[in-house]
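Given chain A's structure and the hints, the job is docking chain B onto it.
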Amino acid sequence: MMSPVEATATELLQRLQTRQITAVELTQAYLQRIERWDGQVRAFLQVEGQAALERAAEIDRRREAGQPLGRLAGLPVALKDLICTEGQPTTCASKMLADFRPPYDAAVVARLKQADAILIGKTNMDEFAMGSTTETSVRGPTSNPWDLSRVPGGSSGGGAACVAARMAPLSVGTDTGGSIRQPAAFCGITGLKPTYGRVSRYGLIAFASSLDQIGPLARTAEDAALLLEVLAGHDSRDSTSAQVPCPAYSQTVSEPLDGLTLGVVREHFGEGLDSEVEAAVREAMEVYRSRGARVKEISLPHNRYAIATYYVIGSCEASSNLARYDGAHYGYRTDEQVMRSERAAGRPAGPGAPTAREPDPPLVDMYRRSRAEGFGAEVKRRVMLGTYALSHGYYDAYYLKALQVRRLIRNDFDRAFQEVDLIAGPVTPTPPYRLGEKLEDPLAMYLGDLYTASANLAGITALAMPCGFSREGLPLGLQLQGPPLEEERVLRAAAMYQAATDWHQRQPAGLG
Amino acid sequence: MSLTRQEVAKVATLARLNLTDDELDRMTDQLAEVVGYFELLGELDTSAVEPMAHAVERTDVFRDDRVVPSLTRDAALANAPKRDEACYRVPAVLGD
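Residue numbers (the working numbering), protein chains in the order written: chain A, 1 to 512; chain B, 513 to 608.
By construction, these hints were calculated from the structure, which means they are not laboratory data. Incorrect hints may have been included.
[To be verified] Here are the computed lysine-lysine pairs in the BS3-like style, where the Cα-Cα straight-line distance is at most 27 Å:
no., chain 1, residue 1, chain 2, residue 2
1, A, LYS438, A, LYS95
2, A, LYS95, B, LYS522
3, A, LYS95, B, LYS594
For reference, chain A alone in the conformation it holds in the complex (with noise of 0.2 Å):
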């Protein structure tokens, strides 16, 4: 028989419910592709096996009772690394909160746990989900299941390559600038970005606030739809919770959509757009059309100027949002003694600090080491960046400039989505790097943003799906755009396209 770790999560719900396998068997197959495959691909930073096994015989004993289960029952989850966990680490992939449990769940884990998903790990991600190639984690890269010499994307590359490598059904990213559908794209799954405020952040460790969304990464459209499900919803927790009811996504994801017309947008076919990208994501409006869908040219003039607004905003986000990281409340903290002895030796300010003024009193040497030493490059760069953005006589300069040219980017949105119903394009100008390609050079790195950045700028939905392989055998991807709080129309979209092709469907070759 087919191991279960091939099928879906939506048919591993099912065969849960009528008694085909037990939670317990499911999460024992998953527990040991991890153990087969993680060495390799190394997509969790912890597995937690036996916490997972416990939660299952718990839920097949309640199930062999006849007693009610929640919506997820039996369906092992992985998290993200920085999607809070009581009493678990929670790391972000950085020094800094290497020993961190945080002493609450985040929102959604209490959702999942109110489900009776099994949570079976965390996963790894840029440091502080800053990179989009996963190489920023201070455990070190994660890799693409495709082709081990790549990157899985980033920087929800973990998540990404668990769900494509089979040792997880299902898994929970985030996206601020396309940490969830460019490492969907790269690795050949499905992810989705909500709509900002339809998923609860209460427990997300915030990198850009304004940006940051929390969605979940699947191998199928119908499978985002199921976990999204679980996910979404207003909570009092977090003030930017949309307070609108949430469609029952996995009822309505497999009814195709009548009359859809798609937006293609002239300026994602310009400068940068590999070939084989390209020619992938014309193949897939062919399809669409094939089932009935109108493809119109549309554009987004703002587009070109995305990537300078989501590196403004974000790094002054991120800038402001880790100050809180000072080493005295939780977190890293410098050796005390170390600081001591080097100031008593006449070096009081520690290595790099400047050294033409007063030395800094003991407290704020503590939070400038802590900070140095806690803190990776990418990390550090995009503080510095923040910082500068937001200092005396270039706030208005860049902070003020870059919200306006926000407004305007929406602004686009909101004139095309009269148009059309959804905006079809490429996700990334490229199949997957080559491990170590872009990472001393972080602007061409940051231009690997230009299809996914506007969408966290203008708050809207979209998702990454499969439609298609490079010659080499990469994965290319589709990214669909949605109006706010249409991500149930996105994922109808993209379960139509799903059920004309089978992109979806292939498997990494090398792991089994």
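Okay, now just chain B, sitting in the frame of chain A:
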């Protein structure tokens, strides 16, 4: 866009970071490149555009003014790098 080492060192002070000489060199080059790219925004006339800080422009989101349970002192201090019974412990704020 030119940025000097001194300017970058000043930003490091504002950001409460220490940078080694090597880091300062690299940071100066990389920030100059990225900030140079930001100049692209200068092409647009935004004088009549209202800034947009948030995608969901909600203000004054209130909840009922009720006392609800919060973290115990011990739970709040549990992750402190250094603590005593009731407080976070830090190095001297003034002097040595």
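What hint numbers does the structure not satisfy?
none
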